[in-house]
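Colleague: Numbering (our numbering), first residue to last: 18 to 734.
Hint data in this document are derived by calculation from the structure and do not stem from the laboratory.
We treat Cβ as the ideally placed atom computed from N, Cα and C, and that holds for glycine.
Errors might be hidden in some of the hints.
With a straight-line Cα cutoff of 20 Å, these simulated SDA-like cross-link-like pairs (lysine to any residue) come out [to be verified]:
no., residue 1, residue 2
1, K510, P622
2, K642, I557
3, K204, N187
Label pairs and their computed distance ranges (CB to CB) [to be verified]:
no., residue 1, residue 2, range
4, K443, Q371, 39 to 45 Å
5, K334, K100, 43 to 49 Å
6, K501, S284, 51 to 57 Å
7, P71, L361, 41 to 47 Å
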Amino acid sequence: MGKPFKIILSIIAGMVLLIVLAVFALPIFIEPNSFKPEIAAAVKDKTGRDLAMPGELKLSIFPWLGVSTGKMTLGNATGFQEKPFATLEESDIKVKLLPLLTKEIEVSRIILKGLTLNLAKNQKGESNWKDLTASDATKTTLRPSADNIGLQDETQTQPVLAIGGIVIENAQINWDDQSTGKYLLIKDINLKADKFSYDEPVAVDLSLVVLKPETKFTESIKLATQLIVNEKFDTFALSHVNLRTTAEGENVLGKSLTSMLTATDVSLDKAKQTVKASGLQFKTNDVMISAEITGDNINGNASFQGPVSIAPFSPAKLLKQLGIAVPVMLDANALSNSTINFNLLATGNSVDLQNLVGTLDDTRIKGSTSIKGFKLPAIAFNLTADTIDIDRYLPPVTGKSSKPMTSPAVALAVGACALPIETLRKLNVDGQLSLGKLKINSLSMQGVQLNLSAKNGLIKTQQSANGFYQGSYNGNLNVDMRNKIPALALNEKVTHLQVEPLLNDFIGKARMSGFVDASEQLKGEGNNAGELKSSLNGDISFLFKDSVVKGFNLQKIIDQAKGLIKEPALPVNNKNDQTLFSEIKGTATINNGLIHNNDLVATAPKIHINGKGDVDLNTEKLDYKISALLVKANASATQPEQIHDIPINITVSGTLGNPTYTLDVAALLTEKNKAKIEKFVEKNQEKINNIVDKIDKKLGPKVGDLLKGFFKKHKDQ
Numbered sequence: 018m019g020k021p022f023k024i025i026l027s028i029i030a031g032m033v034l035l036i037v038l039a040v041f042a043l044p045i046f047i048e049p050n051s052f053k054p055e056i057a058a059a060v061k062d063k064t065g066r067d068l069a070m071p072g073e074l075k076l077s078i079f080p081w082l083g084v085s086t087g088k089m090t091l092g093n094a095t096g097f098q099e100k101p102f103a104t105l106e107e108s109d110i111k112v113k114l115l116p117l118l119t120k121e122i123e124v125s126r127i128i129l130k131g132l133t134l135n136l137a138k139n140q141k142g143e144s145n146w147k148d149l150t151a152s153d154a155t156k157t158t159l160r161p162s163a164d165n166i167g168l169q170d171e172t173q174t175q176p177v178l179a180i181g182g183i184v185i186e187n188a189q190i191n192w193d194d195q196s197t198g199k200y201l202l203i204k205d206i207n208l209k210a211d212k213f214s215y216d217e218p219v220a221v222d223l224s225l226v227v228l229k230p231e232t233k234f235t236e237s238i239k240l241a242t243q244l245i246v247n248e249k250f251d252t253f254a255l256s257h258v259n260l261r262t263t264a265e266g267e268n269v270l271g272k273s274l275t276s277m278l279t280a281t282d283v284s285l286d287k288a289k290q291t292v293k294a295s296g297l298q299f300k301t302n303d304v305m306i307s308a309e310i311t312g313d314n315i316n317g318n319a320s321f322q323g324p325v326s327i328a329p330f331s332p333a334k335l336l337k338q339l340g341i342a343v344p345v346m347l348d349a350n351a352l353s354n355s356t357i358n359f360n361l362l363a364t365g366n367s368v369d370l371q372n373l374v375g376t377l378d379d380t381r382i383k384g385s386t387s388i389k390g391f392k393l394p395a396i397a398f399n400l401t402a403d404t405i406d407i408d409r410y411l412p413p414v415t416g417k418s419s420k421p422m423t424s425p426a427v428a429l430a431v432g433a434c435a436l437p438i439e440t441l442r443k444l445n446v447d448g449q450l451s452l453g454k455l456k457i458n459s460l461s462m463q464g465v466q467l468n469l470s471a472k473n474g475l476i477k478t479q480q481s482a483n484g485f486y487q488g489s490y491n492g493n494l495n496v497d498m499r500n501k502i503p504a505l506a507l508n509e510k511v512t513h514l515q516v517e518p519l520l521n522d523f524i525g526k527a528r529m530s531g532f533v534d535a536s537e538q539l540k541g542e543g544n545n546a547g548e549l550k551s552s553l554n555g556d557i558s559f560l561f562k563d564s565v566v567k568g569f570n571l572q573k574i575i576d577q578a579k580g581l582i583k584e585p586a587l588p589v590n591n592k593n594d595q596t597l598f599s600e601i602k603g604t605a606t607i608n609n610g611l612i613h614n615n616d617l618v619a620t621a622p623k624i625h626i627n628g629k630g631d632v633d634l635n636t637e638k639l640d641y642k643i644s645a646l647l648v649k650a651n652a653s654a655t656q657p658e659q660i661h662d663i664p665i666n667i668t669v670s671g672t673l674g675n676p677t678y679t680l681d682v683a684a685l686l687t688e689k690n691k692a693k694i695e696k697f698v699e700k701n702q703e704k705i706n707n708i709v710d711k712i713d714k715k716l717g718p719k720v721g722d723l724l725k726g727f728f729k730k731h732k733d734q
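Based on the provided sequences and hints, a complete structural model is requested.
Modeller: Shown next, in the form of structure tokens:
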């Protein structure tokens, strides 16, 4: 048996020698460039496109079966531009020969240099790559017979694939969508992937630049990660993900914005239609967002859920970094600290934030909010906050006396007028906000509740405070945006509100005390706050009880004015003066911004007052007449109250911010008295001026003005 064995070995050795000789001889005797016409014809037959290969082809056989190319150009689809669909400057790909015998595909590093793809859609929305990706409808699937099932299972076994690496250098993609007029350039595409094997981690580095010429937008993207893919290509896993982007352009906040996205692990299972991201972190400027996200049904109505946390950051600092001007606020430390935590539930058309807990400076907020429908969003919220000081975020004021008194409903109306009308018309909001304590315009409220509803151009609010200076507040606001000119209606009511602490908080001092009940019902229309103010119509009613007006003694002023006729000395120590009113009440109507009051009634121990007049909200001018009747004797069991017949009249003019008062006692004087007063004034003018100056210093210019008006008026008569 030794001789046959030697013969077999000799035959095998001879065959191996022939194969080796053939491997080294083929590249010498076979010229691959001579096959260019056949290759181009085959491409034309299969795709209908022209393939040009001006570069040189190089063939290798053993131990790697491969080809290297020079420049290649693939023509565009019929009906598209003359520019080629794809061009390639250089490529190199090789497959190891011997492992093919055992169905193992071992590829050396794949190298593509200078690849350019010109992707386009025409005005009909048809792409220039549709013909390349269309499935072959003529293919049929043979049903296996019982005899060849085992053989088929063996022959259809997936081959083992191993790639030594992939390198793409200086690639470029031009995207031209003529149906939308959008053009996009992706350039400087560089990809480097290490040796690839199924179920083994592969290091991947990718960088590219995205440009939008029409908006001068540029975004640089860099990605580094490790990728694992299974044999069926239905599970993908990324680890140590590091994605960095830098966006620049006129429409970018701050002109330049750098963001970093990292993740410990990201996995995708196409069979189970699930995705999971662990250790997810997103950072831009000083904002850091952390999350653990899972997704289901990713091929259908995908949903994503998981906890999200935003680390402490400064909103004011972030606004500055984004190039947004931070408004001047009363508190320089406002918007300095904020945090947010919530559970996310998101779909392709909605976002739901549950178990929301956040802070804004000293305010703690919790609740939930959701957005459904991103095109025309429907917003819902239910939030609770412990305490918030709105004044911290408002512009500083030069003096408390210059601040306008604004009710909650009016403040909401003014705020609504500041927003674009079209935005208000599209609002679809339903929610409620509860506040333990609220401070605004130096006024404090407790137990504040705000309900907001906006849909189809109708905006409705209901607001209340069960603790408002020992009283309560209730109000509602309706805004109808359905017509060309928006219409507004508001109703407000305060009950048993204590006046003195309110005035102390609002203007820093209180010249009045007591309790008040008041209500207003107003309507108006306009496209801005000015138009709205000038069109206001409605009714107002008020009732002050047990009121004290401090620093002002109407009885004494009247007595002093009358006493001047007999030339007495005027007292100057009036700082403790006050006027007590058991009741001050009245109603008013508003017509096109003009408040008209015709039934002012005030009752004091020795004075009865009636008044009427107007307040122009457009110019803030006052025009009021007050008539006071003195009480001769209080009512007794047998006698009614006795009133002097001659009234004391006071004219109030000027503006809301700077009212002036003139005391008219003409009805008290006879012609003789007038002459006596005129003679007395001329004789004692210097003395009177000195007295008035002293009164100014002690009581303020308002009381002095009353006396000046009195003397001037009766001197001229």
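Colleague: Confirm or reject each hint.
Modeller: Hint by hint, here is what the structure shows:
1. K510 with P622: violated, 29 Å
2. K642 with I557: holds, 19 Å
3. K204 with N187: At roughly 7 Å apart (the allowed maximum being 20 Å), N187 and K204 satisfy the hint.
4. K443 with Q371: 39 to 45 Å: violated, 26 Å
5. K334 with K100: 43 to 49 Å: holds, 48 Å
6. K501 with S284: 51 to 57 Å: With Cβ atoms ~55 Å apart, the hint holds.
7. P71 with L361: 41 to 47 Å: violated, 54 Å
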